[in-house]
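Engineer: These are the residues of each chain, in order.
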Amino acid sequence: MNEIPDTLNYMIAGYILFGAGILGYITSLVVRWKKIIRQKNEQLCHNSIARHQQ
Amino acid sequence: MQITIPKKYIILDVFAAICILVSFILVMFFTPIEMTMGYVQKIFYFHVAHAWIGMLSFIVAAAASFMYLIRKNSVYDLIAESAVEIGLYFTIIAVISGSIWAKPAWNTWWTWDPRLTTTTIMAFIYAGYQFLRQSLDNPDKKGRILALYCIIGCISVPLTFFSIRGYRSIHPVLIGNTSQGMGMTPPMILMMIISIFSFTVLYLALMQHRFLYAKIKEETEAEKYEMEYEDE
Amino acid sequence: MKKFIITLHALIRKDFTIERHTREIFLVMFFFALSILFILNFVLDTDIKARNSGAAGLIWIISVISGQLCLNQIMSLEEENDMLQSLLSAPIPLTAVYLAKTITCFFGMYGMTLILFPLYSVLYNVSLYSANLLWIAALGCWGYASLGVIISTMTIQTRMRDILLPVLFFPVIIPLIVAVVKVTQTVFTGETLNSASTWISQLIIFNIIFTTIGIISFDSLIKD
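Protein chains in written order, with this note's numbering: chain Z, 1 to 54; chain P, 1 to 232; chain F, 1 to 224.
Derived by calculation from the structure, the hints in this document are not laboratory data.
Heads up, a few of these hints could be off.
Unchecked claim - Covered stretches of chain P, as calculated for chain Z (at least 3 residues, CB under 8 Å):
| # | segment |
| --- | --- |
| 1 | 42-54 |
| 2 | 84-96 |
| 3 | 212-225 |
As the list claims (entries may be wrong) - Computed cross-link-like contacts, DSS-like style, restricted to lysine-lysine with a CA-CA straight-line distance of at most 27 Å:
| # | chain 1 | residue 1 | chain 2 | residue 2 |
| --- | --- | --- | --- | --- |
| 4 | P | 224 | P | 142 |
| 5 | P | 142 | Z | 40 |
| 6 | P | 7 | Z | 34 |
All C-beta atoms, glycine included, are put in the ideal place defined by N, C-alpha and C.
Bound conformation, chain Z alone:
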């Protein structure tokens, strides 16, 4: 058994990368989603005000 090289650190680094990658992508999606929803709502408000004024 002692022939197996000790590469545990590399494995941990790899899995941290995978985790950070997936979570990072999901976070970026959530952030962008919130931003676009805010924009959309602003637009809807703007439209209804415009209609009201007419």
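Position chains P and F relative to chain Z; hints supplied.
Structural biologist: Below, chains P and F alone, put in the same frame as chain Z:
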């Protein structure tokens, strides 16, 4: 009106999360430790899955682009947009994780192997696609130009692979010549299939959200153009 | 068909006339290539082995990088003064426009490459003369021009314009560059061309594929 994520999307999300967690636990505690490489070999399962997602989504993007050119339906353009973004992301992670694996296994961070090189070039092409998307304005022309670039990229990548395939390679061969491969035991193969499956589910889950986002963004931008037009 | 050729001829002559009057493209491109060739001197220094073995790769890299100037200029020429609009409204097939642009660009590239080969051998004292180079360079330059014109038609319509061309173009042109460098290397080392037959066929396939794509898709790229 409040825009919310449809309920049925959540089901797939939860399923994807469970799949990824289960395969992570399986990889950590139930797979055998490779004799020559040690623990680092466990990167392999997720690394292959990432590379697979990268490749799959580029095929999806090319197919969607092709359909867009035929049908002129903007849905296909949005699919291509989502697929390229997710695929680019996963490919980059696959290349970096491969590099982490290569350091202890081959004692080098990088080798000019056909697969590594082709995958990285693929990432370059689709990064170019992203730049192109950002800097095009005319919404009608945008779709056509992007679809064509995506198809050119999709033709060019296999050509690149074939043109450099003769080069010296130390990357393990998974499919085909097994005598030169890593000598995978049945549990390893099973685990690889499980992780590829879980990541495909994750990919579908991410795709649906990214697609919804792209759709709403397109609507908002179209409306913004209209408003600007009205103001003038 | 005859009308098509007349149109093609007129379009090519237009580009050449502009070039003759302004001298904007070829001379600039050529001096750019020349300056890279001189910079190489500081890298290669007295390493005779590198001069010989790297010749094919270096010459083609110089052509690829300086040819990009030609690609940028050849399409943005039309953007000035809305010449593109008048070209689009003219009763000519857009395929002719694509072929005319490709042919003009091809001549520019081909001329430069043919000057670069002897120049390299004079400056770096290596013998690189072979009649086969004539058609190999022609194949390489045609593939470069056919794909380059497509990509530059895309990039002139963006906000970033010229900056985007190398980023989009270089990754997709790699298979062509690999093949043409391999064939050129075979010629330089004096081996028979049979040993490079797969590379030659790949070069030809690349040319056919991208010329076809250009012919089919050019009008959808440029029309409103």
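Engineer: Decide, hint by hint, whether the structure agrees.
Structural biologist: Results for each hint:
no.	hint	result
1	42-54	holds (count 5)
2	84-96	holds (count 5)
3	212-225	holds (count 7)
4	P:224 to P:142	holds (17 Å)
5	P:142 to Z:40	holds (22 Å)
6	P:7 to Z:34	holds (18 Å)
The earlier numbered hints are all upheld by this structure, with none contradicted.
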